[in-house]
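2 protein chains.
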Amino acid sequence: MIKKYQKDFSYSYTTGFYPTFELIKYKKEYLKCVYVNPNAVDTEGFKKLQISIPKEKIIISENVFNKLMLKENDNVIGVFDKYNDKLDKDDNHVVLQRPSDMGNLGNIMRTMNAFSYKNLAIIVPTADIFNPKTIRASMGSIFKINIELFNSFEEYIEKYKDHTYYPFALQNSKPMQSLKNIKKPYSLLYGNEATGLDRELLNENTLKIEQADDIDSLNLTTAVAVSLYYIKNLENN
Amino acid sequence: MIKKYQKDFSYSYTTGFYPTFELIKYKKEYLKCVYVNPNAVDTEGFKKLQISIPKEKIIISENVFNKLMLKENDNVIGVFDKYNDKLDKDDNHVVLQRPSDMGNLGNIMRTMNAFSYKNLAIIVPTADIFNPKTIRASMGSIFKINIELFNSFEEYIEKYKDHTYYPFALQNSKPMQSLKNIKKPYSLLYGNEATGLDRELLNENTLKIEQADDIDSLNLTTAVAVSLYYIKNLENN
Chain A
201 MIKKYQKDFS YSYTTGFYPT FELIKYKKEY LKCVYVNPNA VDTEGFKKLQ ISIPKEKIII
261 SENVFNKLML KENDNVIGVF DKYNDKLDKD DNHVVLQRPS DMGNLGNIMR TMNAFSYKNL
321 AIIVPTADIF NPKTIRASMG SIFKINIELF NSFEEYIEKY KDHTYYPFAL QNSKPMQSLK
381 NIKKPYSLLY GNEATGLDRE LLNENTLKIE QADDIDSLNL TTAVAVSLYY IKNLENN
Chain B
201 MIKKYQKDFS YSYTTGFYPT FELIKYKKEY LKCVYVNPNA VDTEGFKKLQ ISIPKEKIII
261 SENVFNKLML KENDNVIGVF DKYNDKLDKD DNHVVLQRPS DMGNLGNIMR TMNAFSYKNL
321 AIIVPTADIF NPKTIRASMG SIFKINIELF NSFEEYIEKY KDHTYYPFAL QNSKPMQSLK
381 NIKKPYSLLY GNEATGLDRE LLNENTLKIE QADDIDSLNL TTAVAVSLYY IKNLENN
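These protein sequence lines map, in sequence, to chains A and B.
Residue 437 is where the first sequence ends in my numbering, and the numbering goes up by one at each step.
Residue 437 is where the second sequence ends in my numbering, and the numbering goes up by one at each step.
Please keep in mind that the hints were generated in silico from the structure rather than gathered at the bench.
Warning: the hint list may mix true and false statements.
Identical copies carry no separate label here, and so any pair may be met within one copy or between two of them.
[Unchecked claim] Derived SDA-like pairs: lysine to any residue, alpha-carbon spacing no greater than 20 Å straight-line: (1) K344 x D413; (2) K227 x I382; (3) K318 x E410; (4) K257 x D398; (5) K282 x N346; (6) K271 x G303; (7) K380 x Y430; (8) K408 x E435; (9) K286 x I260; (10) K432 x A412; (11) K344 x E410; (12) K374 x L434; (13) K333 x D301; (14) K374 x N433; (15) K271 x D301; (16) K383 x G245; (17) K271 x E393; (18) K432 x D413; (19) K344 x A412; (20) K289 x Q206; (21) K432 x E410; (22) K384 x N433; (23) K271 x P375.
Sequences are here, hints too, so could you generate the full structure?
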């Protein structure tokens, strides 16, 4: 039986039907098994599960739910082996430098998916991308996007040389609205929640989201969402 | 000494220097006192506090911090009497129908503040606007905006007759990008996190944020942020 998640495990798990079906749909090759709470065997979700994966991968057990003490009232756990992705070098990227909050990280994945961004580079250290909390906040979007970790921004840019990069920062930047077209493939860079982007990553493309004069008025998730929406529409116009 | 917050209290409190200074700046008349942890009396924040409010309102005490068991490592608590606001009838409004999550609610206040929306109508039931978690998530923005609660949308629209209202929903709606100008004063309507807006509130102005075909791809906070940014810029153009 699986144990309560720890970062150094070689596996992790989804909680709830929706993220579990995303796992099955997009990363089936890493799926180990799905635990189902006996009180959920009469649900539509369980029926769908039975036609989605081999019978021997479904384990009906109450114990595991008691043991993991899930906060939400979830009746399904999808266990999978952790895996590594590579980014699509011809597509646009989102780059996060040292994101520290699992909720933010998951939410950013969800937003990326909503606005059709499929490639996420992360400069470590990072909040654990595979923690069940991150997966939960992503609503399973984690399985639909490519995520690649880098030790430094230099390592990233060395590998993806052809990308034009646009850092986001409040200082020494121009309003995002002044950007009327964008060179593809591009990378959008966002810094840590508390400290922002390292100064040496700022360049002549640095953008800011116009906002009231408050130090702390947009959180990271919001800043990413607003800018992805704006830039995706710029690209489409 | 104050007790751990409960919804029926006539008072609530901020935690941390930043939200506490926002309270002092914008709602000083409701401030009762500020508790300071003895280990914070050498900080810049404490010095600033001493010149911001009368001496007798500052209470240095370790007990209250132990008793409230704050999650964050906060050294300041600003206690205030709950109050009622009225909305500015000539200004634009954000309207939330039955928001259920305190984190979302606080974050929406923070985003409103960033994009200069100063009036929030809430159709009850609602997540507690004065819970310290909501205040925390708002980073003190709660004190800079007017918030008014209504029993029904009818009650709201009866009182603010001159507003043109724009509901947000995925069904029976036109893309937000097709909106090229907006009639002021306007109200932007958003539904509950799980159930969306009541169907009878949808009208010919109903808007959707263009996104990938996923039921659950934008969370409420994100949807509000993206649309406030778009519409504020539309207004400014």
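Taking the hints in turn, this is what the structure says about them:
| no. | hint | verdict |
| --- | --- | --- |
| 1 | K344 x D413 | between (36 Å within a copy, 13 Å between copies) |
| 2 | K227 x I382 | neither (32 Å within a copy, 44 Å between copies) |
| 3 | K318 x E410 | between (26 Å within a copy, 16 Å between copies) |
| 4 | K257 x D398 | neither (46 Å within a copy, 40 Å between copies) |
| 5 | K282 x N346 | within (13 Å within a copy, 47 Å between copies) |
| 6 | K271 x G303 | both (14 Å within a copy, 16 Å between copies) |
| 7 | K380 x Y430 | both (10 Å within a copy, 15 Å between copies) |
| 8 | K408 x E435 | both (18 Å within a copy, 19 Å between copies) |
| 9 | K286 x I260 | neither (35 Å within a copy, 54 Å between copies) |
| 10 | K432 x A412 | between (24 Å within a copy, 12 Å between copies) |
| 11 | K344 x E410 | between (31 Å within a copy, 18 Å between copies) |
| 12 | K374 x L434 | both (16 Å within a copy, 19 Å between copies) |
| 13 | K333 x D301 | both (10 Å within a copy, 17 Å between copies) |
| 14 | K374 x N433 | both (19 Å within a copy, 15 Å between copies) |
| 15 | K271 x D301 | both (18 Å within a copy, 15 Å between copies) |
| 16 | K383 x G245 | neither (43 Å within a copy, 45 Å between copies) |
| 17 | K271 x E393 | between (25 Å within a copy, 18 Å between copies) |
| 18 | K432 x D413 | between (26 Å within a copy, 16 Å between copies) |
| 19 | K344 x A412 | between (35 Å within a copy, 12 Å between copies) |
| 20 | K289 x Q206 | neither (32 Å within a copy, 52 Å between copies) |
| 21 | K432 x E410 | both (17 Å within a copy, 10 Å between copies) |
| 22 | K384 x N433 | within (14 Å within a copy, 25 Å between copies) |
| 23 | K271 x P375 | neither (41 Å within a copy, 36 Å between copies) |
Hints 2, 4, 9, 16, 20, 23 from the list above are not met by this structure, while the remaining hints are.
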